[in-house]
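Chain order of the listed sequences is Z and S.
Take 1 as the starting number for the first sequence in UniProt numbering and just add one per residue.
Take 1 as the starting number for the second sequence in UniProt numbering and just add one per residue.
Treat the hints with caution; some may be incorrect.
What follows is a list of derived Cβ distance ranges for each label pair [as the list claims (entries may be wrong)]:
#	chain 1	residue 1	chain 2	residue 2	range
1	S	Asp214	Z	Met24	18 to 26 Å
2	Z	Asp170	S	Gln116	27 to 35 Å
3	S	Phe79	Z	Leu67	52 to 60 Å
4	S	Gly229	Z	Leu67	42 to 50 Å
5	S	Glu218	Z	Phe40	58 to 66 Å
Beyond 12 Å from chain S on every Cβ pair, some chain Z residues (computed) [what the hints assert, rightly or not]:
#	residue
6	Gly70
7	Gly159
8	Gly167
9	Ser185
10	Pro221
11	Trp239
No lab work stands behind these hints, which were simulated from the structure alone.
Because the structure is a prediction, the values reported are computed rather than measured.
Idealized CB from N, CA, C, for every residue including glycine.
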Amino acid sequence: MTTTTAAAGSRRAPKPARKITGRMIGMNVGRLLLGMFFAFPIVFMLVSSLKPDEQIFSDMSSLKAFLPVGDLSLENYRTTLDTVPAFRFLLNSIMVSVVTVALGLFINSLAAFGLSRLQWKGRGLVLSLVLATLVVPFETFALPLLWWVNHLPWLTHQGFTILWTEGWIDTYRVQILPFVANAFSIYLFYSYFQSIPKELDEAARVDGASWFRIYRSIVMPLSGPAIASVSILTFLPAWNSFLWPLMVVQTEELRPVMLGVSYFFQLNVAWGPMMAYSSMITIPVLALFLAFQRSFIGSIASSGVKG
Amino acid sequence: MSTTLAPQAAAAGAPSGTRSKAKTRSWVGFTFTAPALFLLVVFFFIPVGLCFTLAFTNARLISPEPTQFTGLDNFQRLFEDPLFWKSLRNTAFFAIVVVPVQSALALLLAILVNGQGRAKNFFRTLYFVPVVTSIVVVSILWRFMYAPQGLVNNLLQMVTFNLVDGTDWLNNTSTAMPAIIVMSIWQAVGFHMVIWLSGLQTIPSDQYEAAALDGASEWDKFRFITWPGLKETRTFILVTITIAALGLFAQIQVMTSGGPLDSTSTVVYQAVRTGYSQQQTGYASAISLVFFALVLSISLLQRFLTRDKDVR
Chain Z
1 MTTTTAAAGS RRAPKPARKI TGRMIGMNVG RLLLGMFFAF PIVFMLVSSL KPDEQIFSDM
61 SSLKAFLPVG DLSLENYRTT LDTVPAFRFL LNSIMVSVVT VALGLFINSL AAFGLSRLQW
121 KGRGLVLSLV LATLVVPFET FALPLLWWVN HLPWLTHQGF TILWTEGWID TYRVQILPFV
181 ANAFSIYLFY SYFQSIPKEL DEAARVDGAS WFRIYRSIVM PLSGPAIASV SILTFLPAWN
241 SFLWPLMVVQ TEELRPVMLG VSYFFQLNVA WGPMMAYSSM ITIPVLALFL AFQRSFIGSI
301 ASSGVKG
Chain S
1 MSTTLAPQAA AAGAPSGTRS KAKTRSWVGF TFTAPALFLL VVFFFIPVGL CFTLAFTNAR
61 LISPEPTQFT GLDNFQRLFE DPLFWKSLRN TAFFAIVVVP VQSALALLLA ILVNGQGRAK
121 NFFRTLYFVP VVTSIVVVSI LWRFMYAPQG LVNNLLQMVT FNLVDGTDWL NNTSTAMPAI
181 IVMSIWQAVG FHMVIWLSGL QTIPSDQYEA AALDGASEWD KFRFITWPGL KETRTFILVT
241 ITIAALGLFA QIQVMTSGGP LDSTSTVVYQ AVRTGYSQQQ TGYASAISLV FFALVLSISL
301 LQRFLTRDKD VR
């Protein structure tokens, strides 16, 4: 392709080439300005987290607001850790997100396997039930869900006595279990599994492999990209979730990072520590994103094409 | 397998053989799906069903008295509630501005960074940064920027040589919602840029080459190749942005708490406030039900409208 265009345009090559470079520089300057518009609040946050309050305010009237200059220290981070149990919040968020992702990967891929590689009565009905859940936004049933989980039973123990208790408010499970089964994850696995040849299953069946064995040793090892997509698309909302924890978590020890933010409003603390806290809860995701940006963007993109 | 079994099946009666095979598979297939299905029933279908039931009761989150059926009382109260109408208007305003502006901007960005190359990949990553940043963090940052002595006003003064002083954006009834709109578009536009991008990549490049040979301008290429080629992506983006816009909540909670004078209260914000802070689950379910009907009818309408255009 490139060779043909080069050959076709060879007679007039110099002129358009120069034009394109000039235009390209202009385009890239434009892109960079746009990029600054998208990055500057984040840069501002990271930079301000290192400055004392007075300096944040005095720098605000100039470009210094975006530059790590002046009296820089980690003081804000120390103040944050002293006023807010930030480590505890971080641990809670890590725990909740990781468990949600792990359980979600298992349960949703299992369901997708059952739906895509096995023929059974009711398969079509189950598939359309699962897909129907895609059109209902979480916000529309969050409050009935709150009422419902508040009435759900759970087995707890006191020493050796097993107790049948009611109410899931203020637990880890209420932050995890409602988000494990996810129609979108099932759908991503489902469409990925469709691309894996079914002959592999047949061959393994002849060799006497169970269906679970086929799932575990054939289909899943071939599904790296789907696993990556589902992990990212489950992790991000789990880490960033706000509405649900706001409703179901009251105890400080169980709070995820996003709820920690409300501390700062209640305590009316200075902006510096607030920027430090915001940075602390953003940096892990930002680092993950920069490390896996291709899969991040790819998984969002594939979700669009097929959706 | 089929070769060894085929003669036997033919001899012993094929129907019974296939039926028993289908039966075992049916059981196995359902077993694989059962855990996910169970969770979906418990945490999706039952709560959605409860939304329809609780809306007709006086249920409270924690109540010593038994829940009673109250008929249409909640809805009557809702339709007489000025806050509801205000929240509905605010939500509609937000969606009406955000849906076209954000989708157009996202498309513009996507065209800017479409194609291969290290630079384009770099910019793509850069524009996507706000998407991975939590909306809660973003709301805090912008709240700071919108403050009377904040970045936005300083910038305005700089650009206009002190002619414009700006305002206390989030505490001014006429600027609070527009300020939230600008921030929300900024945060989410990268997400939809990526979806437009994936759509752009499905358009074969030889179409552009052919058009270039015919001497088509950039605008012609966009009108006759890009735009028709993005038909399916368009529907998807329209529906997702609308649903996301109608669910506006976190920004309101963090930035304005619905104020000033309820000028930024939205349907979801109102539902959460009544259902959670005031513990009136029944009334909140009624709000949710109206909201659900709204979301569903709008996305169905969009599907219908975009489909109608396809036929022509």
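Supplied distance hint 52 to 60 Å, evaluated on CB atoms of Phe79 of chain S and Leu67 of chain Z = holds (54 Å)
Could you let me know if the closest chain S CB is still more than 12 Å away from the CB of Trp239 of chain Z?
-> violated (7 Å)
Taking C-beta pairs only, is Gly70 of chain Z more than 12 Å away from all of chain S?
-> Non-interface label on Gly70 of chain Z holds, nearest chain S Cβ at 17 Å vs cutoff 12 Å.
Is the hinted range of 27 to 35 Å satisfied by the C-beta distance from Asp170 of chain Z to Gln116 of chain S?
-> With Cβ atoms ~51 Å apart, the hint is violated.
Would you check whether the claim that Ser185 of chain Z is not at the interface survives, using Cβ distances to chain S and the 12 Å cut-off?
-> Its Cβ does come within 12 Å of chain S, the nearest being 9 Å, so this is violated.
Non-interface claim for Pro221 of chain Z versus chain S (Cβ beyond 12 Å) = Given a closest Cβ separation of 17 Å, the condition holds.
Does the claim that Gly167 of chain Z lies off the interface hold, with its Cβ farther than 12 Å from every Cβ of chain S?
-> Non-interface label on Gly167 of chain Z violated, nearest chain S Cβ at 9 Å vs cutoff 12 Å.
Has the hinted range 58 to 66 Å been met by the Cβ atoms of Glu218 of chain S and Phe40 of chain Z?
-> violated (29 Å)
Non-interface claim for Gly159 of chain Z: all C-beta distances to chain S beyond 12 Å?
-> holds (28 Å)
Hint says 18 to 26 Å; check whether the CB-CB distance for Asp214 of chain S and Met24 of chain Z agrees.
-> Since Asp214 of chain S and Met24 of chain Z have Cβ atoms about 24 Å apart, the given range 18 to 26 Å holds.
Is 42 to 50 Å a correct range for the gap between the Cβ atoms of Gly229 of chain S and Leu67 of chain Z?
-> The hinted range 42 to 50 Å holds for Gly229 of chain S and Leu67 of chain Z, with Cβ atoms some 43 Å apart.
Comparing the model with each numbered hint stated earlier shows that hints 2, 5, 8, 9, 11 do not hold.
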